[in-house]
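A.B. asks: This is what each chain is made of:
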Amino acid sequence: MANTTESNLPGDDVLEEPVPAMQQLLDNPFLLLFIGIAVPTVLYTIWGVMEIVNLPIAK
Amino acid sequence: MAVNRNFRTCPTTGLVFHEPAEKLMRWNAVVAVVALLVGGVLAIGVLLTRWQAVHLLQADLFYQFLTAHGLNMLVFWIIFFEMAILYFASSTLLRCRLATPALAWAGFWLMVVGALLNNYAVLRGDSSVMFTSYAPMGAHPTFYAGLILFAVGALIACFVFFGTLVVAKAERTYHGSVPLVTFGAITAAIIAVFTIATGAIILIPTLLWSLGLIEHIDSLMYRTIWWGFGHSSQQINVAAHVSVWYAGAAVVFGAKPMSEKVSRTAFLLYIFFLQLASAHHLLADPGLTSNWKIFNTSYAMYLAVLASMVHGLTVPGSIEVAQRLKGYNNGLFEWLRRAPWGNAPFVAVFISIVGFGFLGGISGVMMGTEQLNLIIHNTLYVPGHFHATVVIGTTLAFMGLTYFLIPVLFRRKVAFGNMATWQAYIFGISMSGFSVFMMGAGTLGAPRRHWDISFAGNPFGYEFPATAWLMIALMGIFGVGALVGGAMYLAITVYSVFLGEKIQTPDFATVSAKRGMAPAPQPVAVGATGHGAGVGAWGMVAPGTFVLALVFLTSFVLYYFVNWKYLSTVWPLK
Ligand code: HEM
Ligand SMILES: [Cu+2]
Numbered sequence: 001m002a003n004t005t006e007s008n009l010p011g012d013d014v015l016e017e018p019v020p021a022m023q024q025l026l027d028n029p030f031l032l033l034f035i036g037i038a039v040p041t042v043l044y045t046i047w048g049v050m051e052i053v054n055l056p057i058a059k
Numbered sequence: 001m002a003v004n005r006n007f008r009t010c011p012t013t014g015l016v017f018h019e020p021a022e023k024l025m026r027w028n029a030v031v032a033v034v035a036l037l038v039g040g041v042l043a044i045g046v047l048l049t050r051w052q053a054v055h056l057l058q059a060d061l062f063y064q065f066l067t068a069h070g071l072n073m074l075v076f077w078i079i080f081f082e083m084a085i086l087y088f089a090s091s092t093l094l095r096c097r098l099a100t101p102a103l104a105w106a107g108f109w110l111m112v113v114g115a116l117l118n119n120y121a122v123l124r125g126d127s128s129v130m131f132t133s134y135a136p137m138g139a140h141p142t143f144y145a146g147l148i149l150f151a152v153g154a155l156i157a158c159f160v161f162f163g164t165l166v167v168a169k170a171e172r173t174y175h176g177s178v179p180l181v182t183f184g185a186i187t188a189a190i191i192a193v194f195t196i197a198t199g200a201i202i203l204i205p206t207l208l209w210s211l212g213l214i215e216h217i218d219s220l221m222y223r224t225i226w227w228g229f230g231h232s233s234q235q236i237n238v239a240a241h242v243s244v245w246y247a248g249a250a251v252v253f254g255a256k257p258m259s260e261k262v263s264r265t266a267f268l269l270y271i272f273f274l275q276l277a278s279a280h281h282l283l284a285d286p287g288l289t290s291n292w293k294i295f296n297t298s299y300a301m302y303l304a305v306l307a308s309m310v311h312g313l314t315v316p317g318s319i320e321v322a323q324r325l326k327g328y329n330n331g332l333f334e335w336l337r338r339a340p341w342g343n344a345p346f347v348a349v350f351i352s353i354v355g356f357g358f359l360g361g362i363s364g365v366m367m368g369t370e371q372l373n374l375i376i377h378n379t380l381y382v383p384g385h386f387h388a389t390v391v392i393g394t395t396l397a398f399m400g401l402t403y404f405l406i407p408v409l410f411r412r413k414v415a416f417g418n419m420a421t422w423q424a425y426i427f428g429i430s431m432s433g434f435s436v437f438m439m440g441a442g443t444l445g446a447p448r449r450h451w452d453i454s455f456a457g458n459p460f461g462y463e464f465p466a467t468a469w470l471m472i473a474l475m476g477i478f479g480v481g482a483l484v485g486g487a488m489y490l491a492i493t494v495y496s497v498f499l500g501e502k503i504q505t506p507d508f509a510t511v512s513a514k515r516g517m518a519p520a521p522q523p524v525a526v527g528a529t530g531h532g533a534g535v536g537a538w539g540m541v542a543p544g545t546f547v548l549a550l551v552f553l554t555s556f557v558l559y560y561f562v563n564w565k566y567l568s569t570v571w572p573l574k
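From first to last, the protein sequence lines are chains A and B.
Numbering-wise, this note's numbering puts 28 at position 28 of the first sequence, and it's gapless, one number per residue.
Numbering-wise, this note's numbering puts 352 at position 352 of the second sequence, and it's gapless, one number per residue.
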């Protein structure tokens, strides 16, 4: 099973060149998970709820 | 507890299946198809009632059917199928054991119980509140309880998915970055976590309210948070079916993404912006400011739309490159003419891309514009739009994937010869007609979720233009075609899975890898970047796709413009 003949795939520990920042972001699912929850929570949910809460109550 | 490390390698595709993951994929897919069957039977009643010439069901029954149709299709069919995709994209594509299969089964059964409970509530007859269940319209507590259980189950499945990513990394079953299809599934799972958490935030208080434990649910608050759940769940579908497109191009053509970087960045735009578009459901609601509405729909949504256009271009583009490399390099469109028009997964994915883009995408941008939304708000245009996205886009892509998975997962031949290909054409074309005419009727003002637009026997009526009636009749005819196509899918799938001809694999064996040692990694088919060297025309590798993109943009701009003109006649400003 030692099928290690495939080329141009660097092994995990032999880093030939530094990984670009963008790729580091794309390779980190938990950072992406955080962003994917934080962005809509702030811009959609919290902002929207604040607007509703601040509506004056009709008398 | 011993970890099950039994793997099987599919003899036809070389894909590697972890035993528990494979079983979970099968069960999720089977339950999904059952939900599609239920939703499809209900669609008969809904369609034949909206088709005014038939007007089949009584009012009560119509709304009951409509509620159950929406839930079984939009929620249960699609999400069960997506769970199978998540397990496939993690365990199989990363050649990795599934993390915590026992937990995954717990999630699965929670979803099953939740779906049954919710259907029970609707069946009782006192919960015909539509899938949106807007408070203060109340349903039986089991309605909300069922949805909550289902959501918790799906959340567990998402965590099993993320756990599997961790295992794959720790056990080094892949090198470098995950394959693009897995990245798309990560996008879907991230959106799913936000979606489900939001659903819980609104449905739990609503359950307590239905039990009398909470006094009051504010209707605007409900709608705002509910749509964070209701709309975002559609974005799980988009991320999932786009992944299926990429997988389809790879499987059918051996196509490699034109640029991994561009495709992944497009998925990243989804993660950032797609869920904000939830606000388009509230464009006509008072109370929320235009700042909030326009920021969330226009600015943010256009970035997500841009991402969809990138996917809509790179997938056909990669197919074009692959075809040109095979020698179909003449002119602009030889690659397309010589595409495998008799291959069911291809046809399904192709119609899915075109229908999603031209019908679902263009109409979605139009109706997501605050001012233009006034033209079509709460009309049949809305279900017309989403039958283009969620049925032609998502459902048809999943149908195509099914035809690929039946031999792979169930090791049976797809039954009835060419019927699968015909199914994709009939379903795709009928659904396109159905959506277009539904949108046509909506543009002329015919309302959605309306039992009788003739207002027979009512003191106050309204005369819809004759063209609207014609559109509804055409919608009915094409809808029947879509029902036939749906029935064909069910017949083929159920027959193949249970009675289809078995694929004999004499050298079949499950491989048991030793603890801590996963199978040797191999480059996954869709993992590498590639450029078509020496093919193309006009200095482009995919000029045909470029021309198609220009056609798309022209239609887009024209349609958008026409609607602004139309707006000025519908709501004249004096
Ligand atoms: C043969 C297939 C289908 C036909 C003929 C059909 C037909 C219809 C019709 C006539 C309506 C009623 C529109 C209204 O009165 O407002 C409707 C609603 C709906 N359909 Fe379908 N449909 C089909 C498949 C699907 C599928 C596959 C999905 C989802 C994946 C789906 C999701 C929905 C949803 C979410 C609604 C809205 C329910 C509501 O307003 O609460 N349908 N469908
Ligand atoms: Cu939406």
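What the hints contain is simulated information worked out from the structure, not anything from laboratory work.
Given the structure is predicted, the values throughout are model-derived calculations rather than measurements.
Hints are supplied without guarantee of correctness; some may be wrong.
As the list claims (entries may be wrong) - Label pairs and their computed distance ranges (CB to CB):
hint	chain 1	residue 1	chain 2	residue 2	range
1	A	Phe34	B	His175	53 to 61 Å
2	A	Asn54	B	Trp109	41 to 49 Å
3	B	Ser177	A	Ala38	34 to 42 Å
4	A	Asn54	B	Met540	48 to 56 Å
5	A	Phe34	B	Gly212	32 to 40 Å
6	A	Phe34	B	Leu499	41 to 49 Å
7	B	Leu499	A	Glu17	48 to 56 Å
8	B	Pro11	A	Thr41	34 to 42 Å
Where is the CB? At the ideal position from N, CA and C, for every residue including glycine.
A.B. asks: Compare the structure with each hint and give your call.
C.D. replies: Taking the hints in turn, this is what the structure says about them:
1. A:Phe34 x B:His175: 53 to 61 Å: This hint is violated: roughly 25 Å between Cβ atoms.
2. A:Asn54 x B:Trp109: 41 to 49 Å: 43 Å, holds
3. B:Ser177 x A:Ala38: 34 to 42 Å: 23 Å, violated
4. A:Asn54 x B:Met540: 48 to 56 Å: 53 Å, holds
5. A:Phe34 x B:Gly212: 32 to 40 Å: 38 Å, holds
6. A:Phe34 x B:Leu499: 41 to 49 Å: Since A:Phe34 and B:Leu499 have Cβ atoms about 47 Å apart, the given range 41 to 49 Å holds.
7. B:Leu499 x A:Glu17: 48 to 56 Å: 55 Å, holds
8. B:Pro11 x A:Thr41: 34 to 42 Å: 46 Å, violated
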